[in-house]
Each structure stands twice: as C-alpha cells, then as structure tokens.
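**Student:** The lines below spell out each chain.
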Amino acid sequence: MAFLEIREVHKRFGPLAVLRGVDMSVNEHQVVCLIGPSGCGKSTLLRCINGLEPIQGGEIKLEGDRVSGPGVDVNRLRREVGIVFQSFNLFPHMSVIENVTLSPMKVLGFGRGEARDRAMALLSRIGLEAKANEYPDRLSGGQQQRVAIVRALAMEPKLMLLDEITSALDPELVSEVLNIVRDLASQGMTMLLATHEMGFAREVASKVCFLYDGVVHEEGPPDKIFGSPDEERTRAFLKRIIEAGRL
Amino acid sequence: MTDIATKGRVGTLPTLPRRTDGLSLAALLFAGFCVLCAWGATRTIAGALDHLQIARDAAWSTFFFLVVAATAALFLPAFRSWSFSRRAREALSQNNIVEARIDAAAAREWSYITFGWGAAALVLLAFASFIMANNAGVGRTFFYLPLIAEKWDLVVLAFWNNIKIFVIAEILVLIWGLVVAIARLMPGPAGQPVRLLAIAYCDVFRGLPAVLTLYLVGFGLPLSGLPDLIIPPIVGLFVNFDGMTAAQIKQYTRIPLTWYCILALTLTYGAYVAEVYRAGIESIHPSQWAASRSLGLSYLQTLRYVIVPQAVRRIMAPLLNDFIGLQKDTALVQVIGVVDGFNQSRIIASNAFNLSAVTIVAILFVLITIPQARFVDRLVERDQARMRAAS
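So the sequence lines, in the order shown, correspond to chains Y and L.
Residue numbering for the first sequence is 1454 to 1700, as defined by the working numbering.
Residue numbering for the second sequence is 152 to 542, as defined by the working numbering.
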C-alpha cells in the first residue's frame, strides 16, 4: 500500500474542471515530482491533498486512511502534511522565530521555551539562526522561503508538499532553497513537489508525473520521462522546456 | 541619422521660454492689494477697540505696524519675480535662450510664492476683520474673555462627563465591533443565521441616527421597567437589602443615565466599527489563511493569531475616524437630560446671553482629538518601523 494514494480525483472551480480524474501514488521516503504546463492543475492537486480545497470526486488516502470528503479532521491531517507555497506566505507581523513557533505552540501544545529551542535548532540547520528575531520584510526571497520550509518542518510532518517553491525567486537564490530540499530528500522525507526546475527534478525525483489537462498523462522514473517519454504531449512539453534553456 | 537631420528635427532652436512679465506684474499688484487689506483690517480692529473703550497705547500701534509690515513682506518675492523677468527679457534679447528659460522659471516660482502666501494672509486678515467687525460684535459673542474666565471650570467639569462616556464606550465598541465583525464572517451553513443577525444589526444601528438611539435607549429602557426587573436581583447577590422599602431598593439600584448613553453609543458605533473590522479582515490576502490553516491552526486560531492582528494594523486610521465621531456625538447625550459639556455651556450661554461658554466646549472637543491623531500616527509609524528594522 502506498503512503499517499490519489484515486480518480476530480476538482472543479465552478464550470472549470481543473482535475479530471487524477490517479497517482507516493511511497514512503519517495520524492515525487509533478511537472506540466502552467494551469495543468499541479498546485490545485497539492492544495487538495492538504485539504485546502475540497474535491468533487474520487478520494485521497494517507497511510490507508481516507483524508478527503466529509468527516475528515483537516486540522489533524495538516499536522501530518506540510505545505510550502510559491509566495512563501510568511506572517508579516511576526518575527522569524514567532513564525516558526506559532503552530507548534498553538497546535502541538509545546511550551514557549521548548518550541523556541526546536525552532532554533531547525533555523541553525539552514544557517538562519542569526535572523531569528528579524521580520520577514527584512529577509531576501530565498531566506523567506527557507524560513517557510522550516516553519512547515517544525510540525514534524510525515509528508511535505512543495508548490513551485523556487518560482518566485531570483535565479541566484534558487540553489539555497533547493539545497534544503536535497537535504530533506537524503534524510528520507516523503515529498511531493510541483516544480519547473527540471534539472533538479531529474536529480532528486524517485518518480516524475507529467500532469496534462487535469490527468496524469505519463509517469515514470526521471530518466525515462526526461530521456525517452512515451507520450507525444510529454515530448512536446519537454521540447519547449529545452528551447527555453531550462533543462 | 542623416534622415532625421534633414527633416530638421535636430539642430532647431530650443523651445522659447514663456513670457513672465505679466505674471510678475500681477504678483506686484497682488502684494499691494494685500497691504491695502492689512491696513483696512487694522482700521477695523482700531474702531472696535475705540468702541470697547480700550486704550490704544504703543503696544497696539506696534502690533498694527507689524501686521502691515508682515503683509508688505510680500513685496520681496514679488520684486524678485519682477527682476528675474527682466533678466529673462535681457537674456532673450542676447539670444541666450537657456539662461532666459532658467530666469523665467525663477520668475514664475517667485510670483507663485507671492500668490500663495498672499492668499493665506488674506484669509487670516478676513478672519480677524470678521471677528472685529461691527465693533467686535462677533468677537464679543463668541470670545467674550471675562465670561470665559469666569465659567471655564464649570464647562470643563461637565466635559469630564463626555470624556467618561466616550472612553468607556470606545473600549466597549472595540470589543463589540470585533464580535459583530467575526459573527458576520462566520463560515458555512451553520454560520448563516449568525451572519444574517449580524447584518441585520449593522443595518439597523448604522441607519438609525445616533440621537434617536440615545433617545430610545435612554428614555425607553428605564420606562419599560426592564432594568428594575433585572438589576435588583443581581445587586441583591452582593448587597443586603434588609430593611429597605421597595422604593428604596429601586432608588438604590437605579442605573445612572450615563450608562444608558454609553450603551446607546456602543450600539451605534459598534455597527460602524464592525464594518471597519470586516473591511480590515477581508483585506488580508487569502494566502495568509491558506498558510495558517495549512499549519494545522483552526479557523478561530487563524483569526486570533494571523488575520486579526494584521487587520487591526491596517484599520488604525479609519478606527480613529469613528472614535472621533463617537466623541463628538457625546454632545447628543443632553437629549435625555445628562449634563455634559455642551449642555452646561448652553445653560451658561442662555443666562449670559453670550455664546462664549459654547466656544470653550468647542475648543475642548477639538483639543482632545489632536493628541489622539498624533498618537495613532506614532503607533502606525512605530509598528512599521518594527516590522522593517533589524532588532
């Protein structure tokens, strides 16, 4: 049984069908990369897994337990599943340390001292312990995104969803964020990431899924998808990526 | 390149400056007009002084001279403008177009300075004349110093009532408005009736004139006898009524009228402030909700720790607007017979047949808002500095 199972998931925004029966799975300690053109539903799928968007059909199972549809304790689900957004979404009125300790204190019930110690340990792992008392406004995009990752990690999730976390960054800041993801992968964190960084996907992914028109059009090991994809659409997509010099 | 040059677009003369002679002349004439007005105003004041039998000693003469001299200072920028205009003309006659343009710009600048300061001076002079015209008729009606000196303490004492009412009402409004705003934003079908109630409340109490709400609450509630039904048993928990007649108990537990005023103003301004809160909450980007909820924080925790703190920072200024409105509306409490600053000053005014006491309360109302405005400015500034500065 897969760690995360997604079956026939449908998602509509009004008349617009974004997901039309997505099937895929993520095993424990796997890093799965979602690729595909803009608007193909990568972000929506991640938001559905986290319960930020309700789905209209199909089901999502985490460790065999159904986590979609009515009756699901989304607050509990979100302790297990962390998500990092393209636009960081740090809380601007809180310092870095407050951003990282808020949910461990309020949701997991840690005391202030313990939450701070844990947060400082995480921050020093990414080299930002000196910025603990800064406000997000004072940090670079790359630093903000690293804090956002740490904020999600502070909940000790079993699964991390990364939603194009480098898309809003200046090119020279991308690597500092990807290095953290690389570290997490090597430590065995289960991750599902939507990305446009094809080189990175090829390097870290256990599996690559090409999402097109609301379904998983093709999936397979990275060498297969990037090397000799079966589907015409996949080839066309990768050709455009190569033309743009991104692979 | 050559193509453009042959079309004559390169190498033509630079734009000629606009002539400024007329403008400079107008500045000079305007300065002269202002000085005439200043002289006229001093004559009006002198006439009023004579009528009031106040001796026009050397101090007054010096004052008059200073007023006219200060106005005459307008000739300085006017003359500068004139001399720059002349220089521009000369530069132009020597074909020095750039120099002419610079001088013309300076001439314009100096003439505008003349107009700006002159206009301000005219307004001040007009105001002074207005006060002192008709042998200081206006001045005596509104600013009769002996009456002000005699009665100001009474008015200030009564104004203390206004302060009490608005301070307590503002604290209650801050809490009540937030409660209504959150009720109005309750999600889901379960929240529907709560939302409708909150909307109905806002519609009613924002629509009702504050003076009507005051009247209805202040007269109506005591008249309904409801407080007499509810309050004595509650007070009875803490106080022993033994040996008191029913009338004595009623008297003892009567709620002061001031509290009805506070209740009425809280109801009225709670509706306004709820809308301000709502606007602030809705202005926070949905991604903040997503980030907070995705960390496992519940709906109410997200409101409490993420959304409302950011919203409150944004609505500081409009909140102050509503508070100043509330403070001014404390002048309405007299409709149910509470003696406030305005009421007291009206009593004095009708006894003395002079409005100077009302002027005191008017000044008090203005004075209390100024430190608040500065305080909120400081608060917002400090907050922004904190979020941006290294700690």
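Read the hints as simulated data drawn from the structure, not as lab findings.
Think of the CB as a built atom: it goes at the ideal place given N, C-alpha and C, for glycine as much as any other residue.
Each hint should be verified, as a subset may be incorrect.
[Said to hold, decoys possible] Listed next, the stretches of chain Y that the computed footprint assigns to chain L, with coverage defined by at least 3 CB atoms under 8 Å from CB atoms of chain L:
#1 1526-1533
#2 1631-1644
#3 1668-1682
[Said to hold, decoys possible] Restraint-style ranges between C-beta atoms, simulated for each label pair:
#4 Ile521/L - Pro1545/Y: 24 to 34 Å
#5 Ile521/L - Arg1591/Y: 29 to 39 Å
#6 Asp1570/Y - Ile521/L: 44 to 54 Å
#7 Glu1582/Y - Arg533/L: 36 to 46 Å
#8 Asp354/L - Ala1470/Y: 36 to 46 Å
**Student:** State for each hint whether it applies.
**Tutor:** Status of the hints after comparison with the structure:
Residues of the stretch 1526-1533 of chain Y with a Cβ under 8 Å from some Cβ of chain L number 5, which satisfies the need for three, so the listed coverage holds. Look at the stretch 1631-1644 of chain Y against chain L: 0 of its residues bring a Cβ nearer than 8 Å to a Cβ of that chain, fewer than three, so the hint is violated. Three residues within the 8 Å Cβ limit are the bar, and the stretch 1668-1682 of chain Y against chain L gives 0, so the coverage statement is violated. Checked against the hint of 24 to 34 Å, the pair Ile521/L and Pro1545/Y passes, with Cβ atoms roughly 31 Å apart.
Range check, Ile521/L to Arg1591/Y: Cβ separation about 34 Å, and the 29 to 39 Å hint holds. Look at Asp1570/Y against Ile521/L: about 48 Å separates their beta carbons, and that is inside 44 to 54 Å. As the Cβ distance of Glu1582/Y to Arg533/L is approximately 27 Å, the hint placing it in 36 to 46 Å is violated. In this structure, Asp354/L and Ala1470/Y meet the distance hint of 36 to 46 Å, their C-beta atoms being roughly 39 Å apart.
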